[in-house]
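With the hints as your guide, set chain B onto chain A.
Protein sequence lines correspond, in order, to chains A and B. Numbering that gives the first Met the number 0 applies: residue 0 is where the first sequence begins, and numbers increase by one. Numbering that gives the first Met the number 0 applies: residue 0 is where the second sequence begins, and numbers increase by one.
Keep in mind the hints are simulated off the structure, nothing from the lab. Some clues are possibly wrong.
[Said to hold, decoys possible] Sample of chain A residues facing chain B (criterion: CB under 8 Å; computed from the structure): (1) E140; (2) F144; (3) Q181; (4) R187.
[To be verified] Here are the simulated lysine to aspartate or glutamate pairs, DMTMM-like style, with alpha carbons at most 20 Å apart: (5) B:K568 / B:D584; (6) A:K2 / A:E25; (7) A:K126 / B:E241; (8) A:K194 / B:D65; (9) B:K486 / B:E567; (10) B:K568 / B:D472; (11) A:K2 / A:D65; (12) A:K126 / B:D238; (13) A:K40 / A:D57.
[As the list claims (entries may be wrong)] Label-pair distances were calculated between CB atoms; the ranges are: (14) A:G204 / B:P319: 57 to 67 Å; (15) B:A97 / A:S80: 27 to 37 Å; (16) A:K40 / B:G32: 38 to 48 Å; (17) B:S417 / A:E25: 52 to 62 Å; (18) A:R192 / B:Q288: 27 to 37 Å; (19) A:N82 / B:Q288: 54 to 64 Å; (20) A:P35 / B:Q432: 51 to 61 Å; (21) A:G204 / B:V515: 51 to 61 Å.
Ideal Cβ placement from N, Cα and C applies to all residues, glycine included.
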Amino acid sequence: MLKLYDYELSGNCFKIRWFLNILGIEYESVAVEFYPSKEHKSAWFKEINPLGQLPVIDDDDFRLRDAQAILVYIATKYDSSGNWYPSHDASQTGEIAQWLSFADSLTATISSARLATTFFFDFDLEKCQTGGHELLRILDEHLWFQEQQQLEWICRGRHPSLAEIACFPYVALSEEGGISRQEFAAVRRWTDRVKRIPGFIGMPGIFPAGS
Amino acid sequence: MLYLNGDASKEWIPVASGTDLVPRHVFHGRLPGQELAIWRADDGFVNIWQNRCLHRGVRLTIGTNDGAQLRCQYHGWCYANRTGSCTYIPAHPGDSPAPTLTNRTFPSIEKYGLVWTTLADQPPVPAIEALENHVTVPLRAVSVNASMQTVCNQLQHRAKRFDEFGPANDSQIEVMSSGPMHVEVRQFADLPDASLTFFIQPVDEDRSVIRGVLSGDQALAEPLPLLRFFSSALNEMRDHIESDGLTVFRDTEKISDCPGKITKPVKPSNYLRAPSTQMLKVRVSKKRQEAYGVVALELSPIKGMLPGAQPGAHIDICLPGKHAAQYSLVNGPAETGRYLIGVKREEAGGGVSRHIHDELQQGDEVEISFPKNRFPLRRDAVNTVLIAGGIGITPILSMAKTLSHVNLDFVLHYFVRSEGHTAFASEVSAFEQNANLHVGLSVGHTQDQVSEILEKCDPTTQIYVCGPPPMLDMVQCVSKEQGISEKMVHTEYFENPNTIDLGIAFRVVLSRSNKVLAIPQGKTILQVLQENDIDVPSSCEQGACGTCVVKVLLGNPVHQDVCLTEIEKQQGNWIATCVSRSSSDELILDI
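Chain A with its partners taken away, still in its complex shape (with noise of 0.2 Å):
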C-alpha cells in the first residue's frame, strides 16, 4: 500500500491526503511531528529526505519527495480519467507546471509567514507577508479573467487540473500567515469552487463550503 509521510497541519501534505481521497486511493499515513519535536530533522527522517521535507511517499518502493512532485506522480499513474494531468498534451502540461511552480513560491511565501505565526519560526514575516500577498494579486487578476472567459479553473479547460490541488492549500490558509483575503474577490470565489469539487476533504483551518 501506498505510504506517506504526513503531517496534519502541512498545507503540502494536506494536498496529497485530499488528492489521494479524490482518486479514491487507500494509503497508510505516517505522522511525522513537524512541530514541536522537528522530527523532519531527525536522523532517521532524513535517510528517507535528505532535505528534511514533507511530504514524501513511498509507493511499493519507490521513494517520492517534494508535494508538486508527488502530484504529479500520483496523477499519471493512478488517474485513469487524464483531466487531473493531461500528460499527452504539450501546452497544458506546460501550463501545469507553471503553477506547480508557483504553488512552491507560494510555500515559499504564504506557508513561511504561517509557520512563522503559529510555530513561532524565526522568518522575516513581513517579508513572507508582503511575497504572499503579491502572489495572491497575480492569482486573483489571473482567475478574475478566467472568469471574464467563463472558465473555472486555472488553467484552461473544463476539468480542473493538479494547478487546483497544488495551489489550494496555502491560498485557504493565507489567513493564519496573517495574510487577508478580503480584497481577492475572484480567489474567494475560485475556492469555493475548488471545495465543491468531488472528493474535498478539509484540514484544521480549511473550511467546508456551502452545497
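Coordinates of chain B only, in the frame set by chain A:
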C-alpha cells in the same frame, strides 16, 4: 469621470461588482470601520450585513450561503435572507430564536453593474449622467494600498495623460473638466460612444479600491481586450502609487494620524423589528380563494422589510373592536418578501375570519403582530413526520418547505374533507413522493391511517401535528398507546376546546413587582394583571397561543390551556395566565 465617494455615513458607496456576487457565495466587503458580508440569495436579493455572527463574533464571510439563509461556520446559526434574523440555533434545536436576534443589515442597490450600500438614512440614489441609460461593463476592481485621497489625486493626474497607456490604436482622451472630486469623460477613438467612469471606494485609512465602469450606447461586443488594457493600466498606476518614490502624492493629512476611528454610530435602519408586543401595518397585496371556505392572503410591507419568521411561526391579525386572531405563516425559508397565510372562515369565534372573508379587499391595510413561534421545528432530526388536518396545513407546509430546503428527510400527511377543501394543494404536491394526501376519510379511518403512520416511525422520528383539536387529541392518544415519547410529538392548537373553569379563588404574588393580587372567582389572572397595569403580552386569551405564558416560581398551577406541553404541565414551571388557575392558595410568578 472620477467620483469620490468617501463618506458612507452620508452617501451610497460601491462595494462590489454585481458579477462578484455569484450564487451560493459570500463576498467579503469592507468600508472604513465596517466589514461587510455580502451575498446574493437565490431570489436575487443582495444582502449586505455586518460581517459578524451575533453569537461568537466570527466572520460571516467564512460561513455558507444556502440560497435563502447564511449559516455561520462556527456553531451553525442561520440567518434569513433580507431580514438577517436568526432562524435557527443548532445547539437549541427545540427552541425558536428570539426575534431580537437580528443581524445588522445595510441597504443595497445595484446600479451601473455595481453593488452599492450606505450607512446613512436613505441618501439620494447616485445618478451619473454618463452612465444613465447606457450599457455598462465594470472593470476589474483594483485594490490599492493607499488612502482614497491619494488614489484620487493620482487618478486625476494620470487621467490627463491616460493615453500613455493608450489602446494600441491611438485613443483620444478628453478631459472635460477636473476638480478635486472628479475628472470628466474620456472617449476612445475607436469606440466613439464609450466612456469611462471611476469610483473610489475607501476600505480603511490607507486602502482603497478603484472601481471603473465602461459605458456606451451599445453593448461592448468584445470587452475583454479593453478589460485587459485597463487592468494593466490600473495595476501600473497602483504599483506607482505604492512605490516609495511617490511621496508627492501622499496624503498630507493621513487619517491614521487622527486618533479617532472613522466609524460613526448609525441610526437604526428602517427595517421593521421589535419585540413581540409591537404591531406593524401591512398591506393585503393578494387575496385569493384557496379552497372551500379558505382564502389565502399575501401581506406585504408598506415600508421597509417584514421581520424574519421561523417555520411554525404565526402572526396575530388585529381588527378594530375584535379579539386578535392567530394565523400561521406558510412561508418557506426563501420567501421573506411577504407573509402568506391561509384563513378559514369560522362561523363561531370573534369574527376576524368572517371579516377577512367578507370585507377585506386586496390593497387594504391591516395591523398584525410581529411573528411569534410556539411551534418550533428541529433541524437535527434524521426523520420528520408532518401531519396536518384541514387548515392545520399552514404551519406544516412552512416546515416542509424548510426541511426540503435543507435536504432533511420528511414525510407529509395531509388529511382533508374533500378535494375542494384542499388548501395549498399545488404547494403540497410540489413535494411529490414526500407528500401524501388523504381525502375524505371518516374519523375511524383517519385514526387507522394515523396509527399506520406512527407505527412506521422509529424512536428518532420527530412528529409535528397541526389540525382541529379532536384530531390532535387523537394523534396524541394513538402515539401514547404506541409508546412514542411525548418529547417526539409536537402539536399546535389553533383553538382551546376545554371548558374553562374560573371557580377557584386564589392569590398571585408578583415577585419582581413586589405585589400581591387577589384573583376572584370569574376573573382570569390576565384580567387582574391588566386591571393593575401589569403589562403581560397576550393574544388569543383562550389558552391556545401561549403569548401570555409566565414563569411560576412556587405554587401548583391548574392547567386549562392547550399551549403548554404535557411535560411542561407536569413540571408546573409555567402558566397560561389567560385561562389557568391554582390549587394552592398562592402562586408566586416571575413577573
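Results for each hint:
The closest approach between the C-beta of A:E140 and any C-beta of chain B is roughly 6 Å, which is under the 8 Å cut-off, so the hint is satisfied. The interface hint given for A:F144 is met, as the beta carbon of that residue sits about 7 Å from the closest beta carbon of chain B, less than 8 Å. Hint status for A:Q181 relative to chain B: holds, with the closest Cβ pair at about 5 Å, below 8 Å. At about 6 Å, the closest approach between the beta carbon of A:R187 and any beta carbon in chain B falls short of 8 Å, and the interface hint on this residue holds.
With a CA separation close to 19 Å, the supplied pair B:K568 and B:D584 stays within the 20 Å bound. Between A:K2 and A:E25, the direct Cα distance comes to roughly 9 Å. Compliance with the 20 Å bound is thereby established for this hinted pair. Annotation: proposed proximity of A:K126 to B:E241 holds, straight-line Cα distance about 16 Å (limit 20 Å). For the hint linking A:K194 to B:D65, the alpha-carbon distance of about 15 Å falls within 20 Å, and the restraint holds.
For the suggested pair B:K486 and B:E567, the alpha carbons sit about 10 Å apart, so the restraint of at most 20 Å is met. This hinted pair checks out: B:K568 and B:D472 have alpha carbons roughly 16 Å apart, not beyond 20 Å. The suggested pairing of A:K2 with A:D65 holds, with an alpha-carbon distance near 14 Å, which does not exceed 20 Å. A threshold of 20 Å between alpha carbons decides the hint, and for A:K126 with B:D238 the separation of about 17 Å falls inside it, so the pair holds.
Distance restraint check for A:K40 and A:D57: the Cα-Cα separation of roughly 18 Å lies within the 20 Å cut-off, and the hinted pair is therefore satisfied. About 59 Å separates the C-beta atoms of A:G204 and B:P319, a value consistent with the hinted range of 57 to 67 Å. In this structure, B:A97 and A:S80 break the distance hint of 27 to 37 Å, their C-beta atoms being roughly 51 Å apart. For A:K40 paired with B:G32, a C-beta distance near 45 Å keeps the hint of 38 to 48 Å intact.
The hinted window of 52 to 62 Å between B:S417 and A:E25 holds, with their beta carbons roughly 59 Å apart. In this structure the supplied range 27 to 37 Å is violated for A:R192 paired with B:Q288, their Cβ-Cβ distance being about 47 Å. Distance hint for A:N82 and B:Q288: a CB-CB separation of about 56 Å, consistent with the stated range 54 to 64 Å. Hint check: A:P35 to B:Q432, Cβ distance near 56 Å, so the stated range 51 to 61 Å holds.
Checked against the given bound of 51 to 61 Å, the beta carbons of A:G204 and B:V515, roughly 59 Å apart, stay inside it.
In this structure, the earlier hints numbered 15, 18 are contradicted, and the remaining ones agree with it.
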